[in-house]
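Visitor: Going down the list, the protein sequences come from chains F and P. In this text, residue positions in the first sequence follow my numbering: the first is 248, and each later residue adds one. In this text, residue positions in the second sequence follow my numbering: the first is 324, and each later residue adds one.
No lab work stands behind these hints: they were computed from the structure. Please read all numbers here as calculations on a predicted model, not as lab measurements. A virtual CB, placed ideally from N, CA and C, is assigned to each residue, including glycine. Incorrect hints may have been included.
Take a look, some chain P residues computed to stay more than 12 Å from chain F by CB distance [unchecked claim]:
{"hint": "1", "residue": "Q366"}
{"hint": "2", "residue": "G371"}
{"hint": "3", "residue": "T375"}
{"hint": "4", "residue": "P411"}
{"hint": "5", "residue": "R426"}
In silico DMTMM-like pairs for lysine to aspartate or glutamate, Cα to Cα no more than 20 Å straight-line [unchecked claim]:
{"hint": "6", "chain 1": "F", "residue 1": "K513", "chain 2": "F", "residue 2": "D342"}
{"hint": "7", "chain 1": "P", "residue 1": "K387", "chain 2": "F", "residue 2": "E561"}
{"hint": "8", "chain 1": "F", "residue 1": "K461", "chain 2": "F", "residue 2": "D497"}
{"hint": "9", "chain 1": "F", "residue 1": "K611", "chain 2": "F", "residue 2": "D414"}
{"hint": "10", "chain 1": "F", "residue 1": "K461", "chain 2": "F", "residue 2": "D414"}
{"hint": "11", "chain 1": "P", "residue 1": "K387", "chain 2": "F", "residue 2": "D271"}
{"hint": "12", "chain 1": "F", "residue 1": "K513", "chain 2": "F", "residue 2": "D528"}
{"hint": "13", "chain 1": "F", "residue 1": "K461", "chain 2": "F", "residue 2": "D594"}
{"hint": "14", "chain 1": "P", "residue 1": "K387", "chain 2": "F", "residue 2": "D528"}
{"hint": "15", "chain 1": "P", "residue 1": "K387", "chain 2": "F", "residue 2": "D594"}
{"hint": "16", "chain 1": "P", "residue 1": "K387", "chain 2": "P", "residue 2": "D408"}
{"hint": "17", "chain 1": "P", "residue 1": "K387", "chain 2": "P", "residue 2": "E421"}
Next come the chains, spelled out residue by residue.
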Amino acid sequence: MDNSALLRTPLHETHARLGAMFTDFAGWSMPLRYGSDLEEHHAVRRSAGLFDLSHMGEVHVTGPAAADALDLALVGNIGALATGRARYTMLCAPDGGVLDDLIVYRLDQTHFLVVANAANRALVAAELVARAAGLDAEITDRTLETALVAVQGPASSAIVAAATGQDLDDLQYYAARPATLAGAEVMLARTGYTGEDGFEIFVPDEQATAVWEKLTELGGDRLVPAGLACRDTLRLEAGMPLYGHELSTDRTPFEAGLGRVVRFDKAVDFVGRAALERRRDNPAPQVLVGLRGSGRRAPRAGYPVLHDDTAVGEVTSGALSPTLGYPVAMAYVDRAVAQPRTSLVVDVRGRPEPVEVVELPFYKRTS
Amino acid sequence: MATIPDDLHYTEQHEWARRDGDTITVGITDVAAGLLGDIVFVQLPNVGDTVTAGEACGEVESTKSVSDIYAPVSGTVTEVNPAIDSSPETVGADPYGEGWLFRVAAPDADLDALLDAAAYRQLTEEA
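The following block holds chain F by itself, in its conformation from the complex:
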């Protein structure tokens, strides 16, 4: 296979030394797993995992009108965000379809960091530029100079506290602040995509290896390198949507159960507003639900969902849950069969597997 065109993160050699199996993900060569993806999954639930997420897009928006530009471009209330806080939000098309889901950090009054999915980075940057036209705001894609290392799991705060010398008790979920780690000036955020307590550390490319090594050294047995395979099963258990699966241009945030991110209370005619108001008032025929299976055959993306032998929807993500031990899936289904405890069937490669509609998330941490 010719991988020469794939982008590599500054940690690529580190992963290779750790025995990673790589996968092509949105144009990047990324570690899929280092050994057992199940063990990596369990390590994040029980202790901590160390992830390289440097493929994620980092788009900076700066200038006196930066907040105004983002309020126009995104569905969230970005201007109301306090410095040092983050918000989960979306970039929608004029018809209300989701172009990407994002985390926006306010670094100071006139500086925001927009973290985009790798596959959508160029589109997000271009849309932000277009939507900021005429406003005094500058859009800069710094993905290719920014590494992102995540420490996720119940042991993450002890490890990151030791590595940064910071008391992290006052760093709230969805907050971020500067820190020094292995001599590097980093942005330390309490965010993640695993359903556990965790941190995402934005660091200049050239210092990524030092940060990774320091965390590895201080983490010791508590911290396991973890690849994208377990990241996907972790986020699925936590009921978190993945762009291209639960989120797409074909559906608005409302169908995904994420209507709360659309802030009609802001006095801005943001892109998609009119279409999203119509969608809010006229719900789509299908909605995202959780499905719980029995047995061990997992529903997977694209499989038909049936009710009384009639197609009522389609699976968007699914796996045998490593934590729970039974199959879990997310699916778009007709509203009539979307109530929890409804019995449905998934056509798993020609064989019907019974499933039950359940509340999301499948897994919620106790502490």
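Please build the complex by placing chain P on the supplied structure of chain F, with the hints as guidance.
Guide: Relative to chain F, chain P alone:
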């Protein structure tokens, strides 16, 4: 590096086959196991089923993917590995030993029609 024993016969779809008298034992290779990741479920054919060389007769699932199991030879399934249902991880941990999948009565099967270890090794190195 994945191991590829010299005394087995292979398919291009990463199954191995071994003759013991009239019986052919079938499994998946270490190469396949490495590509799949942790194996969490295996759908085996039933004893008494007729399988056809080159046709799918079961499935191996990892957390991330599903792969068909292709029968290396035609014949009647005489035995399936009883340990696989409760311990599918055995397939990945010991693919040529405890992780065998099923046995087929196939006295006339020509295993030389399959790949030998050298040819299979070459195939996996090209991939």
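Visitor: Give a verdict on every hint.
Guide: Checked hints:
Here Q366 (chain P) does not stay apart from chain F, with its beta-carbon only about 7 Å from theirs, under the 12 Å limit. At roughly 19 Å, the least C-beta separation between G371 (chain P) and chain F is larger than 12 Å, which holds for a residue marked as non-interface. Every CB of chain F is more than 12 Å from the CB of T375 (chain P) (nearest about 17 Å), matching its label as outside the interface. At roughly 8 Å from the closest C-beta of chain F, the C-beta of P411 (chain P) falls inside 12 Å, breaking its exclusion from the interface.
Residue placement check: R426 (chain P) keeps its beta carbon more than 12 Å from all beta carbons of chain F (closest about 23 Å). This hinted pair checks out: K513 (chain F) and D342 (chain F) have alpha carbons roughly 19 Å apart, not beyond 20 Å. With a CA separation close to 18 Å, the supplied pair K387 (chain P) and E561 (chain F) stays within the 20 Å bound. Taken as a hint, the K461 (chain F) and D497 (chain F) pair is broken in the structure, with Cα atoms around 43 Å apart against an allowance of 20 Å.
With a C-alpha separation of about 25 Å, the suggested pair K611 (chain F) and D414 (chain F) falls outside the 20 Å cut-off, and the hint is violated. For the suggested pair K461 (chain F) and D414 (chain F), the alpha carbons sit about 17 Å apart, so the restraint of at most 20 Å is met. Simply put, K387 (chain P) and D271 (chain F) have alpha-carbon atoms about 14 Å apart, close enough for the 20 Å limit, and the pair holds. At most 20 Å may separate the alpha-carbon atoms for a hinted pair to count; K513 (chain F) and D528 (chain F) meet this at roughly 18 Å.
At roughly 47 Å between alpha-carbon atoms, K461 (chain F) and D594 (chain F) are farther apart than 20 Å, so this suggested pair is violated. Restraint check for K387 (chain P) and D528 (chain F): the C-alpha separation of about 38 Å exceeds 20 Å, so the hint is violated. Of the pairs offered as hints, the one joining K387 (chain P) and D594 (chain F) holds, with about 18 Å between alpha carbons and a cut-off of 20 Å not exceeded. Of the pairs offered as hints, the one joining K387 (chain P) and D408 (chain P) holds, with about 19 Å between alpha carbons and a cut-off of 20 Å not exceeded.
A distance of roughly 23 Å separates the Cα atoms of K387 (chain P) and E421 (chain P); the hinted pair therefore is violated under the 20 Å criterion.
Hints 1, 4, 8, 9, 13, 14, 17, counting from the list given before, are not met by this structure.
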